[in-house]
Amino acid sequence: MRSIDERRSSDGFQWVGRRVPRLDGPEKVTGRTKYMTDLHFANAAYGRVLRAAHPHAIIRRIEVSRARALPGVICVLTAADIPGLNGFGIIIQDQPVLAREKVRMTGDAVALVAAESEELAEQALALIEVDYEPLPAVTEPLQALAPGAPPVHEGGNLLQRTTLCRGDVARAFAEADAVVEGTFETPRQMHAFIETEGGWARLEPDGSLTIWCPAQAAYRDRLQVARILGWNPNRIRIISSPLGGGFGGKDELTVQHYLALLALHTGGRPVKLHYKREESVVAGIKRHPFRVEAWLGANRDGTITALQARIVVDKGAYASLGPAVLNLAVEHIAGPYKVEHVAVEGLLVYTNNGTNGAFRGFGVPQTCFALESLVEMAAERLGIDPLALRKQNVVRRGEVDGAGHRIESSVAVWECLDAVERSSLWEGRAEWVAAAPAGKLRGYGVACGVHGVGLGKGVPDFANAAVELTAEGRFRLLVAPQEIGQGNGTIYAQMAAEVLGCAPDEIEVVQGDTGQVPDGGTVTASRGTYAGGMATVNAAKKMATLLGQGAPPPLRAEGYFILPQAAGALPGIIGAPHHVCGYAAQAVLLEVDALTGETRVERVVSAIDCGRVINPTGLEGQSEGGVVMGVGFALCEDTLMEGGLHRTRNLTTYILPTTCETPAIETIAVESCEETGPFGAKGIGEVVMVPVVAAIPNAIARATGRVFRLPATPERVWAAMRKEAQQP
Amino acid sequence: MLLSEMKVVAPGSLTEALRWLEEHQDRARPLAGATDAMVRVKEGQWRSPIWVEIRRLPELQRMDQADGWVTVGAAVTYGRLLRSELMAQTAPLLAAAARDVGSVQIQAMGTLGGNLGTASPAGDTIPPLFALEAEVGLCSRGGGERWVPVESFFLGPGRTVRRPDELITAVRFAPQAPGERWKWQKLGLRGAQAISMVSLALRLQPGFARVAFGAVGPTVLRARKCEAWLSQAEAFDLATVRSIAQMAWKEVAPISDVRASAAYRQQMACALLERGLREVLAV
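One line per chain: the protein sequences are A and B, in this order.
Heads up, the first sequence is in our numbering, so the first residue is 1 and it goes up one at a time.
Heads up, the second sequence is in our numbering, so the first residue is 1 and it goes up one at a time.
Rather than coming from a laboratory, the hints here were simulated on the basis of the structure.
Among the hints, erroneous ones may be present.
[As the list claims (entries may be wrong)] Derived PhoX-like pairs: lysine-lysine, alpha-carbon spacing no greater than 25 Å straight-line: (1) B:K42 - A:K276; (2) A:K28 - A:K391; (3) A:K723 - B:K250; (4) A:K276 - B:K250; (5) A:K34 - A:K338.
[As the list claims (entries may be wrong)] Pairwise CB distance ranges, derived in the manner of DEER restraints: (6) B:S13 - A:T33: 43 to 53 Å; (7) A:P83 - B:M6: 56 to 66 Å; (8) A:P151 - B:M6: 41 to 51 Å; (9) A:T662 - B:E85: 25 to 35 Å; (10) A:A435 - B:S13: 51 to 61 Å; (11) A:Q727 - B:Q105: 44 to 54 Å; (12) B:Q105 - A:R100: 38 to 48 Å; (13) B:K250 - A:E724: 24 to 34 Å; (14) B:K250 - A:P151: 44 to 54 Å; (15) B:Q105 - A:S117: 19 to 29 Å; (16) B:G191 - A:T33: 42 to 52 Å; (17) A:E724 - B:I106: 55 to 65 Å.
[Claimed, not checked] A short list of chain B residues far from chain A (calculated; beta carbon distances all over 10 Å): (18) M38; (19) S243; (20) R259.
Only a predicted model underlies this, so the values are computations on that prediction, with no experimental measurement involved.
Idealized CB from N, CA, C, for every residue including glycine.
Produce the entire structure from the sequences given, and follow the hints as far as they go.
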C-alpha cells in the first residue's frame, strides 16, 4: 500500500489517510484493557441460565422449589417473573426471554438462577424440574415447508418470502448461449468471538439499572430491555464498549435481559453472567445456512443476461435479524453485475436448529458463493477469461445493477478487478500453477462482490456524535458505535483532529455508553466509519465554529447525520436498495493435496473500493481479518447439528483457521470518493470477507473438481477430486 | 462431585504418589499436564475425589540411553521431547509426532505418560511408540515395576492395563537405526491444533518395516501386511508403493465421527502411507 501512503502526503490532510497508531493499541497488546466481562465487583452474585432439554417440546410444568431451597441460592426466576413483555427480537419479538409453554431450540432459556457462586448456581440449575412433552424436531428447511410438517411457531414455518423479478428470465434463458446451474450450500458459521457473551448488572441505590455488556447496539438493547422490564428506558444505562469481538453475534440481545432480570432480585448486589464456550455455541446466534439453487445465462460475447435463484434459508427457531438478512441476500444476489433478467425467490424457514442472525456479510457471502461459482462456470463454458468476463459485466456509476437499482454513488468494482489483474499474484498465476510440486494440484480463482453500507431504503438510519471541550481544555469525542476490535475509535479521533486542528491522541474517545454518548446507532451494517464518521465530522465542525467565535470552555457540540437513502426502490424488499455500497475483488492461489484433499490457500490479493482511506493500517486489518474469516467459511468452519442437537460443542471441533491457515494477504486500496461520506470514505467491514468465499472454491475447481457445499473440507475436496477423475 | 469438592495432592516422591494411589484406588487419579483432565472435568466426567499430581516428580523426568534402551520418563512433556538432542538422535519419529500435538501451550504442559494414560486412538505419540515397539513401565507399591509392550497396553479407547494402584513411570524402546528412513504423518482438519483424523508412523530399513496408524481403530493399529510386503520388496517403484499403500485399506477399522467419515479415514490411511513412502523413498 505504499502508493496510498505516498499519495496521502500530497493531499493536504494532516491526519486523514495516515497510519496513525491505534489509540487503544498499547493497552490492548499489554493486556491492560478491561472488557466488560473482565470487570469485577465486590459482593457479587453469579447467574446461570437453564437451557431447554429438547430442541422442540411443550413445557407442561416448571418446578423451582428445590432449587430455591438450596442454601446459597439468591433467586430462581421463570417466565412468571418477567414484569413486561416476555419476548425479544430486533424485528419481531418471537423469542421468549424465558420459555413458558414451549421450547423451540436447545438454546432456549427456561429459568435463571443467581447464587453465591457459579458452582452453586449450576447446582441449582440441576434442581429445577421441567416436565417436557417432546415434539418432533424440525431440522430440514425443505421438509419444514412440506404440508403437515410440525409447526415451530403457530403461524407455520415460513417466516418470510422475498422475491425480486425483472425482465423476462424465461425468454433470456431460452436465448442465452450458455446456461449453467448448481445448488450451493453454506455452513452454519459461528462468530467465535474470543469474549463469549456475558457481563454485569447492578440495581443502583437511586433505583436505576446499570448493565455492563459487550454489545453492538447499546441504545436499541436499552429499549428491548425496557420493554421486557416494563421500565422507562431512561432508568437503564448500558455500557457496551469495548467488545472482545462481535461480527454481528452481539447485534441482538445476548445476556442484557437476563442480567437485568437477575439484578432486580439480588437486593442491589452486582450480578455476573458469563457463558462458557459450550453455552455460547448452543445459545448464541450463528450465520444462516443457505441452500441456493441457481441458474445463470450468458451470451457468447460474454454478456451475463439472466439469473434465476431459489434461496432456502435455515432460520433456526427465532427471527432476530433473519428477515433483513434474507432481504440483503436477495438485493445483492446478482452481485455487482448488470444482469437484465432476474428472478429470485427467497424463503426464510423456521426450524429447531438453534437460532441464526446477524453475521458479517449478512447473507451476502452465501449468495456470492453461488453467483460467483456460476460466473466462473459460464466463463469456462464460453471460453472467456474469468476476470475479463467479470470486468465486462460489472456496473459503473449511473448504470443499473442486477437488482434494477441505478447506482448514483461511488463504485469502483471494475477498478478493483483491474487492480487484481495487475497484481503480481494474478500476473504470475499460470507460472505458479505450473510449478506445482509432486502430489499437489494448484489453482487460482477470483471473485468480486458488493455489500451495502447502512440499513438501506425504508429503515431509518441516523448517527449522532458529540464533541466536548472540558474546563481543563481537553477534547472528548462521544460516539455510539463501539470499539469491536476494528479500531474505529482511532479513525474517529483522526477525523475530529483533522477538523479541530489538534492531534488524534489529544482527544479522549468515549464509545458505546448510553450514559455518555448520544444515540448514534449500531456498529453493524458496515456503517461504523461512514455513519459514525460523518456524525463525528459534523460535531467537530460545530465545535470548530464555537471555538472560532471565541466561546469559553466547557463547550459541547452535537453533530447529526442522516444516511442518504437511494432514489430508486425495490418494492417488497424492506432495506433495499442501498444508496452507498462497498465493493471488492479478491483472488487466491491455492494448493490441494492430490491424495488427501487438504487445501491450503497460499496467497490472496484483496482489492477494496473503500472510498477514501482514513487509516491504511486499519483498512489492512479489516481486509486481512475478513480474508481469514472467508477462508474459514470456505474451508473449515461449520457448526454441525443433528436432530436439533449440536454435534459441534466447542472450539475443539469447531475448526477456525489459525496462523497456519492464514495466507500471505496483499491489500490494495482502490480509492474512489464517496461524496456523502466523511472525507470521501465508505464502509468495507463486511465486503472484505465476501468475494474470497467464492474465489477459493473457484480455485479448487481449477485445481481439481468443483465443490458445491462449503466448507470445502479435505473430505469434500477429496470427493470432488474423485468425481472429477471418474468423468470421461 | 463438585469441582470445589475435589482434592489435589502433590506428593514429593514416587513412593508417596504410589501410596496415594494404593490407598485410594479408584478414588484417586494421576494428574500430569492436565491437558486432557481439565477438558474432561469441565465436561462433568473424571470427577475424581483425589487427584495425585505427578508432573513434577523427579523420578518421572528421565530421558536417557543405556544398555540398548532409550528411556523417557512419563512426565516428560511434548516440548521437552521435541527439543531433545537425545530424541533427535534416537527417536526422531517420536519427536516429530510431539511437534504436531496441540499448541505450544499444550506442548509445554502435556506429557508422554499422559498421552498413554488417556489412551485415545488419536493420541499422537502412540503410533510412533507402536512403530518403535516400545514398552510401557508401570509401577505400584505392592507389585513393583513391570514393563508392558505398548501394543498390549491398550484395551480400547480410554482403557489400558494400568491398575488403579499403578502409575505409568516411563517408556523405553530401542533407538531408531542411524540412516533408517522414517516418516510421521498427521491428517487433521487444519495445520495445527487439530485432533488427528488419521495418523501414520512409518519406519523403513532394508528388510525391516514398521507401520502404525492412529485414529483408524479402537486403538492404534500396526499394519502388519504392509510391513511384510515392505520388508520383502526388492525394489520400490511407484506401482509397488501404491499397491502396498492400498493394502492399508484392509488393516484399519475406523468409525465416522464429527471430523470425518469412516470411508474417508479408510482411504486416507492408504493416502498417508502412499505419501509417506513416496517421500522417504523418493518415488
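Taking the hints in turn, this is what the structure says about them:
1. Simply put, B:K42 and A:K276 have alpha-carbon atoms about 10 Å apart, close enough for the 25 Å limit, and the pair holds.
2. Proposed proximity of A:K28 and A:K391 is contradicted: the alpha carbons are some 42 Å apart, above 25 Å.
3. About 23 Å separates the Cα atoms of A:K723 and B:K250, which keeps this hinted pair within 25 Å; it holds.
4. A threshold of 25 Å between alpha carbons decides the hint, and for A:K276 with B:K250 the separation of about 42 Å lies outside it, so the pair is violated.
5. Distance check on the hinted pair: A:K34 and A:K338 sit about 48 Å apart at the alpha-carbon level, beyond 25 Å; violated.
6. Range check, B:S13 to A:T33: about 44 Å between beta-carbon atoms, so the 43 to 53 Å window is met.
7. Between A:P83 and B:M6 the CB atoms are about 40 Å apart, so this pair departs from the stated range of 56 to 66 Å.
8. Hint check: A:P151 to B:M6, Cβ distance near 46 Å, so the stated range 41 to 51 Å holds.
9. The hinted window of 25 to 35 Å between A:T662 and B:E85 holds, with their beta carbons roughly 32 Å apart.
10. Between A:A435 and B:S13 the C-beta distance comes to about 59 Å, which sits within the given range of 51 to 61 Å.
11. For the hinted restraint 44 to 54 Å between A:Q727 and B:Q105, the CB-CB distance of approximately 46 Å keeps it satisfied.
12. Distance hint check for B:Q105 and A:R100: the Cβ-Cβ separation is about 44 Å, which falls inside the suggested range of 38 to 48 Å.
13. A hinted range of 24 to 34 Å for the beta carbons of B:K250 and A:E724 is consistent with their spacing of about 26 Å.
14. At about 50 Å, the CB distance of B:K250 to A:P151 agrees with the hint of 44 to 54 Å.
15. A hinted range of 19 to 29 Å holds for the C-beta pair B:Q105 and A:S117, which are about 27 Å apart.
16. Judged by the Cβ atoms, the range 42 to 52 Å given for B:G191 and A:T33 is violated: they are separated by roughly 29 Å.
17. Against the hinted window of 55 to 65 Å, the Cβ-Cβ separation of A:E724 and B:I106 comes to about 38 Å, which falls outside the hint.
18. A cut-off of 10 Å between C-beta atoms confirms that B:M38 is not in contact with chain A; the least separation is 12 Å.
19. Against chain A, the non-interface label of B:S243 holds: every CB pair exceeds 10 Å, the least being about 15 Å.
20. Interface exclusion of B:R259 from chain A breaks down, the closest Cβ pair being 7 Å apart, not more than 10 Å.
Consistency with the previously given hints fails for numbers 2, 4, 5, 7, 16, 17 and 20, ordered from lowest to highest.
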